[in-house]
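In case you want the letters, here they are:
2 protein chains.
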Amino acid sequence: MNPYTISLAQLDITPGRPDLNAAKMLQEIHAARERGSDIIIFSEMAVPGYLLGDEWENDSFINDSLSYNEDILAASEGIAVIWGNVYAESDKKGEDGRTRKYNAVFVAQDRKWVSNGVFEGHTFKTLMPKYREFDDERHFYSLAKVSQERDVPISSLLKPFPLQIGEKTHMVGTILCEDMWCEDYPINPTKILVENGAEMIINLSCSPWTWRKNDKRHRVVRSLLKESQVPFVYVNNVGVQNNGKNVFLFDGGSAIYTEDGYLHAMTHDYTEEVLDVQLGRASTATISDPELSDEQDLKEVYDGLVFGLRHFFSTLPTKNVVIGLSGGIDSALSAVLLTAALGKEHVYAVNMPSKFNSHLTKGAAAALAQNLGIHYTIYPIQASIDQTIDELNHLVFTSQDDSKKETPITVTPFITENIQARDRGSRVLSAIAACLNGVFTNNGNKTETALGYATLYGDVNGAIAPLADLYKGEIYALARYINQLKGKDLIPTSIIDVVPSAELSADQDVTQGKGDPIIYPYHDKLLRSFIEFRRDPEYILDLYTKETLEESLKIEAGLVKKHFPTTESFISDLEHKWKLYKINYFKRIQTPPIITVSRRAFGFDLREAQNGIHFTRRYKELKERLL
Amino acid sequence: MNPYTISLAQLDITPGRPDLNAAKMLQEIHAARERGSDIIIFSEMAVPGYLLGDEWENDSFINDSLSYNEDILAASEGIAVIWGNVYAESDKKGEDGRTRKYNAVFVAQDRKWVSNGVFEGHTFKTLMPKYREFDDERHFYSLAKVSQERDVPISSLLKPFPLQIGEKTHMVGTILCEDMWCEDYPINPTKILVENGAEMIINLSCSPWTWRKNDKRHRVVRSLLKESQVPFVYVNNVGVQNNGKNVFLFDGGSAIYTEDGYLHAMTHDYTEEVLDVQLGRASTATISDPELSDEQDLKEVYDGLVFGLRHFFSTLPTKNVVIGLSGGIDSALSAVLLTAALGKEHVYAVNMPSKFNSHLTKGAAAALAQNLGIHYTIYPIQASIDQTIDELNHLVFTSQDDSKKETPITVTPFITENIQARDRGSRVLSAIAACLNGVFTNNGNKTETALGYATLYGDVNGAIAPLADLYKGEIYALARYINQLKGKDLIPTSIIDVVPSAELSADQDVTQGKGDPIIYPYHDKLLRSFIEFRRDPEYILDLYTKETLEESLKIEAGLVKKHFPTTESFISDLEHKWKLYKINYFKRIQTPPIITVSRRAFGFDLREAQNGIHFTRRYKELKERLL
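If you read the sequences in order, they're chains A and B.
Numbering-wise, my numbering puts 499 at position 499 of the first sequence, and it's gapless, one number per residue.
Numbering-wise, my numbering puts 897 at position 270 of the second sequence, and it's gapless, one number per residue.
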């Protein structure tokens, strides 16, 4: 046995900034060599970053990213370096007619490119994810396509790289992210590499956090290693990358697994860290998988949201944030997260009461601000609302044709609700944020984002939506978790206990227990079925008919019957919510970026079209049969 | 010779509504048979529509769309029917782990599925577009992948369908859209089909209008037919389809080409039409290609925008539209288009002067409203602005910690500009539109959308942006075209002649010739280089150094030197505009859908990430050398 050390470099990668990333990488290569490390491994697309939109079409950017490979090669004296970057062939075209590009891994040692017999110092990603937020197929040519183009089997292209460590040659197979998540593809790159002599598999990833993804990865690695018993190294970056509408959290989770698939070592979440691991010894210690529990899930979401907000604000000119504090649960949770992320000195809360806001919620908002120690003010909006309504009610249009017809306009109570929301979002908060050289947040949750229960240019405004990927029930769970974590009612219990309400009219008076027209414990689950599980009313009505709806959607037993005593009332609500979900995409088009934590978030992750509503023939038949 | 008739069914397809589309198709099949037609051809994805976002993941919707195939089969008594629909294999998985789906063409005749020896009554799209707005690779499995999976050559799968017409069997090769735009792929489906015996190629498309696309298609068809001399039929739908951020115009342009690539017959643009063509005669008449000219381009843009707006509004509850009429060119053009699309009785124009608006522009707004005969009113906003500024200047935040520190806020002149824009967009226009049960429009052009020269929650608001894919110079050209078309100054010349200005401060006083800080004839071209041609400052500086900038970007000779007499001033502006373009994506995330008419539009077409600014090493070297 010849012990040797590999360094898993879990860096915080800045997308679109090869200069910053390469500088950091060079520093870590030097430091690892100083520590006596034999191999240092960086993540997928460590040089350019990964979520860049169509910046991949900018050839100058590609060449710039590639130019740093020479610096890294030069720094590989006395150490092997494995890293992710883009590779380009300017003499070949991609299927879009542009410069052909690959999502590539590079391998250098002792200032030389290491050859795997097929490629000199690099190889390419084989499998191209194109679901959810991924667009690899749009930008990159794959090793699978090279095999098709050259008309050779993929196994003739997937070869390990020989690394010299002391006297010994280590055959190292390198793959990229999706290459390990291969169950729906006809190719298993890990298996082929091991068959081709790889004694170790290294996966370079740029893979965002999602619920229990680390656990799923552990299981996938185990399943891969059943067939191919070699140590498995996973290197992921930390940081935040976005494609505009979705802001993704990269937790890292870099790890090394024994050939049996046990965890040998793992980095800390959301931490920039280079983990040195000694290998090649007689026995390898193992560590347990992290526990799985609802509390662990909430901890990860909380940590992720705080990390994500801190990161997002670090890219802005100042860290100042303005938040409309209504005394409701959503803005309360948002204020807590922002304070944790940015510090109380950067958080400016504004309570903006109209005549419909209760003492209860106004007091709760003030109490929360006090608990957090943030800046606070009250900005009453009733006078402005009254003035606007008065002006509108006196407005008359005149036809500029011979008829000279006059059209007066009238403000209805419903319009008054939206005028209040827009006054807060577009008149008050926007201007205050500008005066403080800061931004403000959209505090909406996923349930109301789905149903459009929010006002465009009103409460949907903001630079970022921290909570828009959490259903209302998850908002409450996270609030309770935080109070438990802090060991005190940081979020006043009155905020958790009050009925959820927009307080935009007398019909939404919380002191009389009146609130939102949404049955959260049911509609959260119904919407999750539509959004995360891609279901529709036909599927739901099918379950309802079979009396398996509550079981299938994990709804509390008896809840459906309680709220919808008749089939008519159930169907009427089902159709109403499907319509709201579909139609209100027009608002989501214009909403801010969402910190993405679910398995399917609105935005670039769940791509929508403004196409109105459709019910299938089978739905209509089912409905007719039931009614 | 046995003459026979084929019918090119260029229908207005409603995306996401297989029920409506199938009903229309069935009606046209019956009518074509009545007229004695032998073959009727519909467009790609004629049943479900094409731009559906991720609705393709809803299995109920897929099954619903598929169910209409049985109705079409049953209707094919005495006629051959060729149409586009989705095909699904529920027993196989796509690479996303979901039900495997194909973009398919179906062929039935005399109530029987026609076999091509490989598939019974259907075949699949071979080439998957994944650039610009296209996401085929995300949703559909391709014939290319089937060939890989089955390990058989693609030529063994691409076979023509035998159609019986009278005594004769016609071998008809069917392809789908991208299959004809194959120059960047290793496979040419047309060539393979003809080699496999096809006597005619039929391309079913769902292909949006873009500048001179029809001309490009004529040339592509000719190039294909050089190798493979058979008649070529192209069937495209009309209508409007969107993916939220981009609204695409489908002009149709269905046509039949002779085996030499001459146009034999062509439908009318933007018209729902079934074109019957008699074939199989001794000689085939040909028609000339439509002329190519700047005027023809403007005509097509004008017709497309009016068609698109009419279509977009037909999906809304009412056709009422509110428009803020400033007296500037953008809102003037928008008002003209809306009036042409919806009728003057549906257009409500509002002039919203503050103290910075000149008599000149106020008068021009009124004159335009009069020319159009639309509803008009004036809503002064200065009092509201003054009130808001006064309130803000008295607002004080108090730290809710022991320091009790007070933070007053101050409204700067720049913030005052934005307060005006938000007052107009979010307080006045939003409420008026709600009162009229209508919507309002964003009238921004592409130049200001690129540079962020607009206020979020202010003038960027609206249900749709008709002009956001036209640079400022194109706005003027279209305005002049319309006046020429109408034979009068429908748009008052004062609007065309006045300096473009936001009129939000005394520094933007049009009566003193002060306007926008943008040199439109230069910056339009610079931005087009960034956006349409995917260039960056390195490329621009390279051209500048080589003194070929004006020539390459089609900028008026001498203009650059005139405005940027020194290299320093040129570079300073270049960097400033690149920064504005990149940073102001944060506004584009929250802007309305854009009617897409260029070769690259903001939104889902040009995918961006909020990643700040990067200059390449080579740019920095070039700059250093120059300065």
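For the record, the hints were derived by calculation from the structure and aren't laboratory data.
One or more of the hints may lead you astray.
[To be verified] What follows is a set of in silico ranges between Cβ atoms, one per label pair, in the way DEER data are often shown: (1) B:1172 - A:486: 22 to 30 Å; (2) A:97 - B:1037: 22 to 30 Å; (3) A:437 - B:1199: 41 to 49 Å; (4) A:70 - B:1172: 50 to 58 Å; (5) B:1141 - A:380: 48 to 56 Å; (6) B:1175 - A:532: 51 to 59 Å; (7) A:149 - B:698: 37 to 45 Å; (8) A:70 - B:1121: 57 to 65 Å; (9) B:982 - A:393: 21 to 29 Å.
[What the hints assert, rightly or not] Think about it this way: if two alpha-carbon atoms lie no more than 25 Å apart in a straight line, the pair counts; the simulated BS3-like pairs of lysine-lysine are: (10) A:579 - B:946; (11) B:946 - A:362; (12) B:818 - A:93; (13) A:319 - B:818; (14) B:946 - A:93; (15) A:216 - B:843; (16) B:843 - A:404; (17) A:405 - B:971; (18) B:719 - A:191; (19) A:362 - B:1031; (20) A:404 - B:719; (21) B:1031 - A:93; (22) A:213 - B:720; (23) B:1113 - A:404.
This one's a predicted model, so the numbers in the text were calculated from it and none came from an experiment.
Glycine residues also receive a C-beta, built at the ideal position from the N, C-alpha and C atoms.
Cross-check of the supplied hints:
no., hint, verdict
1, B:1172 - A:486: 22 to 30 Å, "violated (60 Å)"
2, A:97 - B:1037: 22 to 30 Å, "violated (53 Å)"
3, A:437 - B:1199: 41 to 49 Å, "violated (24 Å)"
4, A:70 - B:1172: 50 to 58 Å, "violated (24 Å)"
5, B:1141 - A:380: 48 to 56 Å, "violated (38 Å)"
6, B:1175 - A:532: 51 to 59 Å, "holds (53 Å)"
7, A:149 - B:698: 37 to 45 Å, "holds (42 Å)"
8, A:70 - B:1121: 57 to 65 Å, "holds (59 Å)"
9, B:982 - A:393: 21 to 29 Å, "holds (24 Å)"
10, A:579 - B:946, "holds (20 Å)"
11, B:946 - A:362, "violated (41 Å)"
12, B:818 - A:93, "holds (21 Å)"
13, A:319 - B:818, "violated (60 Å)"
14, B:946 - A:93, "violated (46 Å)"
15, A:216 - B:843, "violated (49 Å)"
16, B:843 - A:404, "violated (49 Å)"
17, A:405 - B:971, "holds (12 Å)"
18, B:719 - A:191, "holds (22 Å)"
19, A:362 - B:1031, "holds (20 Å)"
20, A:404 - B:719, "violated (65 Å)"
21, B:1031 - A:93, "violated (64 Å)"
22, A:213 - B:720, "holds (22 Å)"
23, B:1113 - A:404, "holds (24 Å)"
Consistency with the previously given hints fails for numbers 1, 2, 3, 4, 5, 11, 13, 14, 15, 16, 20 and 21, ordered from lowest to highest.
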